[in-house]
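J.: Here's the letter readout for the chains.
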Amino acid sequence: DAKTTQPNSMESNEEEPVHLPCNHSTISGTDYIHWYRQLPSQGPEYVIHGLTSNVNNRMASLAIAEDRKSSTLILHRATLRDAAVYYCILRHNAGGTSYGKLTFGQGTILTVHP
Amino acid sequence: DAGVTQSPTHLIKTRGQQVTLRCSPKSGHDTVSWYQQALGQGPQFIFQYYEEEERQRGNFPDRFSGHQFPNYSSELNVNALLLGDSALYLCASSLGLRPSYEQYFGPGTRLTVT
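Chain order of the listed sequences is A and B. Position one of the first sequence corresponds to residue 12 (the numbering used here), numbered consecutively onward. Position one of the second sequence corresponds to residue 202 (the numbering used here), numbered consecutively onward.
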């Protein structure tokens with residue numbers, strides 16, 4: 012599986028934008044980029060995913076570099092409830108199916124200050 | 202709409218015993234994956250079930266086995282428990298196997314082996 016690299020931790024102030032980076036220089040052409048987050052004492056929660064184009068949803072935006080070797084998760088206005096571990100994950104596409112395996116790394120611990 | 206549910210919430214077992222954990226997927230989902238999360242680590246993929254068959258397996262010994270029922274619910278069984286099996290066990294469900302599909306996680310079962 013292609014690997015991802017994320018900073019161990021980041022800090023932000025409430026109501027400010029947060030840009031969480033992820034490097035995936037060995038990504039293959041059909042790997043999907045997924046982001047999950049895990050709040051304290053909860054299971055991981057899906058945030059967003061993309062393939063080549065930037066994506067927006069109600070939770071966040073995903074900016075994907077043109078060469079796809081890096082991506083950035085953008086939280087437009089951080090709240091205290093966004094404090095969590097954020098995981099950047101590549102999901103391999105093998106002939107249209109990947110059998111669902113998610114390979115989690117260490118993730119980025121996001122601290123949000125009031 | 203009920204999300205992914207897991208039972209029990211907490212469990213304490215003794216070394217050498219056997220344990221069964223249960224998972225009900227999100228309504229409409231047919232695929233269940235199991236993950237083990239040690240303290241301070243990201244979740245590690247154990248295996249995935251689809252159409253009542255194990256489709257993919259992570260690097261876990263044969264002491265870890267599972268089953269999926271016709272109603273898509275699933276069980277994780279661990280035999281001959283070791284102290285190192287103490288962890289949070291997470292169940293995730295999805296609709297099919299495609300890498301573009303998000304997985305929904307349950308709150309987990311906290312297993313303590315003494």
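Because the hints were derived from the structure by calculation, they are not lab data. Keep in mind it's a predicted model, so treat the numbers as computed, not measured. A virtual CB, placed ideally from N, CA and C, is assigned to each residue, including glycine. Incorrect hints may appear among the rest.
Taking beta-carbon pairs under 10 Å as the criterion, some of the chain A residues facing chain B (in silico) [said to hold, decoys possible]: (1) 21; (2) 42; (3) 43; (4) 57; (5) 63; (6) 67; (7) 74; (8) 75; (9) 76; (10) 77; (11) 98; (12) 102.
J.: Indicate, hint by hint, whether the structure satisfies it.
T.: We went through each hint and held it up to the structure:
1. Because the beta carbon of residue 21(A) sits about 17 Å from the nearest beta carbon in chain B, more than 10 Å, this interface hint is broken.
2. Against a cut-off of 10 Å between C-beta atoms, the interface hint on residue 42(A) holds, since the closest Cβ of chain B lies about 8 Å away.
3. Annotation: interface hint on residue 43(A) holds; nearest CB of chain B at approximately 5 Å, less than 10 Å.
4. Against a cut-off of 10 Å between C-beta atoms, the interface hint on residue 57(A) holds, since the closest Cβ of chain B lies about 4 Å away.
5. Because the closest C-beta pair between residue 63(A) and chain B is about 12 Å apart, greater than 10 Å, the hint is violated.
6. Hint status for residue 67(A) relative to chain B: violated, with the closest Cβ pair at about 15 Å, above 10 Å.
7. A hinted interface residue such as residue 74(A) counts as satisfied when its beta carbon comes closer than 10 Å to some beta carbon of chain B; here the least separation is about 18 Å, so the hint is violated.
8. A least Cβ separation of about 14 Å between residue 75(A) and chain B goes past the 10 Å threshold, and the interface hint is therefore violated.
9. For residue 76(A), the interface hint is violated, since its Cβ never comes within 10 Å of a Cβ in chain B; the closest pair sits about 19 Å apart.
10. At a threshold of 10 Å, the smallest CB-CB gap from residue 77(A) to chain B is about 20 Å, leaving the interface hint violated.
11. Hint on residue 98(A) holds. Least Cβ distance to chain B is approximately 6 Å, under the 10 Å limit.
12. Because the closest C-beta pair between residue 102(A) and chain B is about 4 Å apart, less than 10 Å, the hint holds.
When held up to the earlier numbered hints, the structure conflicts with 1, 5, 6, 7, 8, 9, 10 and fits the remainder.
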